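What follows is each chain in one-letter form.
Number of protein chains: 2
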Amino acid sequence: MNNHIVIMAGGIGSRFWPLSTPEYPKQFIDILGCGRTLIQLTVDRFKGLCPMENFWVVTNAAYVDIVRKQLPEMPENHILAEPAARNTAPCIAWACWRIKGEDPGANVVVTPADAVVMNPEEFRRVIGNALAFTEKSDAIVTIGIKPSRPETGYGYVEVDTLNVDTLIRSGNDLSTYQPINEIRRVAAFKEKPDLETAEKYLKAGNYLWNAGIFVWNVKTITEAIKTYKPNIASDMERMRTAADVQEVFPQCEKISIDYAVMEPAAADGRVYTHPADFGWSDLGNWASLHDKLQKDSANNGAVGKVDLYECKNCVVHAEEASKVVLQGLDGYIVSAKGDRLLVCKRSEEQRIKEFSQK
Amino acid sequence: MNNHIVIMAGGIGSRFWPLSTPEYPKQFIDILGCGRTLIQLTVDRFKGLCPMENFWVVTNAAYVDIVRKQLPEMPENHILAEPAARNTAPCIAWACWRIKGEDPGANVVVTPADAVVMNPEEFRRVIGNALAFTEKSDAIVTIGIKPSRPETGYGYVEVDTLNVDTLIRSGNDLSTYQPINEIRRVAAFKEKPDLETAEKYLKAGNYLWNAGIFVWNVKTITEAIKTYKPNIASDMERMRTAADVQEVFPQCEKISIDYAVMEPAAADGRVYTHPADFGWSDLGNWASLHDKLQKDSANNGAVGKVDLYECKNCVVHAEEASKVVLQGLDGYIVSAKGDRLLVCKRSEEQRIKEFSQK
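Chains as they are written, first to last, in the numbering used here: chain A, 328 to 685; chain B, 328 to 685.
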């Protein structure tokens, strides 16, 4: 098997304080209360596509011990500890250069560690299709999520309309497509839109959410980085020892893979997308967590030993607590972790990062 | 010094869950956030009236280690561990029989461990007066708190009006009275009244709150128990060894000192009260804690590292938490302890015991 999975696990999840903290961020938390942390769920959903020895995690040096503990079956030398956070382009480049060193014929999926997928079977089908496509081509593929609402919090992928006429005609029922044939060329990447634009995207039918899940073979991505970001490619060539990493990596250009490679490559007509509908969420905020949790009859979603009296529309996470009693709350976030506690109206959740830092 | 202090510390404080639990109840908590627990504050306020070696604590066997830790200067053999809770009459009888064995000329104050007094200097003056009175008489004295509101949660002491005419004429300004002369005869004890009755008591001026603080010499109380509850007195005579205590104490009649001694003795005209105004509260519920805590400009009282945003009229206790953020709460109790949490409207606090037991 030449398939490799790169899991990006360097985020700090500040919007979920105190559930997620810089010391123990979101990707290492059982945020859904299902018994598995987000990074464990991420590994789980790739099982069958790739043997365990072909998984890679790129994370902050501070989280290496957590990764080892949560993923004991991972090869230790596949946990890449970033000495500094340099955004996704250097992170992905490092992993792909390392994979190329081990397996020059590798076919690679890159994924965030902290998203959720409610239909892993469909996920594996889509990723399998994309891998089959990149195994035999130099395509750069990004997974495009079929939007269910005019979301303003995500970037969008504009699909080339010349290729998606059937997609539109069939009313977006992706299940009618054949593998490979589902894959479309990307016309352009679009920044997070305002609501009016997002509504236009939703209506147009050829705009998909950019989930940050990429598929390519290792030769394609390393050459693309050489082409579009030669400075990062040359930094990678210099990183031969652990000491080199310590010296070079923190000096790498701090840039996302989207700006560094995807956008210029799309402009050159080299980027493809696989439209997908597998119940994806980036779990970027409490609203999306509430959305994914099972709700009681009063629309409360709660993780932990939580007794609710006269509560509605609440989202509660207190997995460590032995007993939580909430009475008379409507539309609140309640989050308890260790010796920290947040109670906050759901309408004010954008202030949580500020609260946590004060 | 013949003065002895008996601290009753066997309560379980179920109305303050999860701050107070049966494993670690209210009297052992720094409920005011002042750096001292309620039992430590109780000891503190008697300092100067009685040397440390004359303090006694009667508590449940389960709390002996906590008492030792919180009051390391207490003589170990003065911590009396009740093998079972039998209400206050056997508890007080046991302590007084033990004191009589050590010091037949002892003069005794009995106090709960979990009340607060905001003016300890005035407290010492009042207790000093009462001790001076019982040193030279066989009076049974209960401290009567001058009521500040028509409270329905306390029992009342009716003061003999023949003795309180000056009290009424002076507008209840107790500071104009001379020591000893302040002490009045008790006409009767009154059960917790309904609101209408409580308002009458407040208006009448000769009704005081029964604080459960008693003063007497040890000869007086042991003889009174012999007179009014000979069965308890004879149980006490049988408790010579630790094994006797284990056998006899759990069989003692379960009865309060009020029913066992105070009421029949009052009917015999043998009970006196010292009216007092030293900022007493039994801290019996969250409302009384809110009352005693320092409030911010929005009427929130908080103990712990608590950041409040758009909150008002809240009472918060989270002394162990490293950071608590509360936003948008009006009139709530928030209590966090160990791995337990309560958020509850203040108007619903009478349900807390039920919540904690479910």
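Hints were generated in silico from the structure; no laboratory data involved.
Just so it is clear, the structure is predicted and the values come from calculations on it, not from any experiment.
Ideal Cβ positions, reconstructed from N, Cα and C, are used throughout, including at glycine.
Take the hints with a grain of salt, since some may be wrong.
Have a look at the derived ranges for each label pair, beta carbon to beta carbon [as the list claims (entries may be wrong)]: (1) ALA388(A) / ASP357(B): 50 to 58 angstroms; (2) LYS685(B) / LYS619(A): 24 to 32 angstroms; (3) ARG395(A) / PRO410(B): 44 to 52 angstroms.
(request) Against the structure, test the hints numbered earlier, and report the numbers of the ones violated in rising order. (result) When the structure is compared with the hints, only number 1 turns out to be violated.
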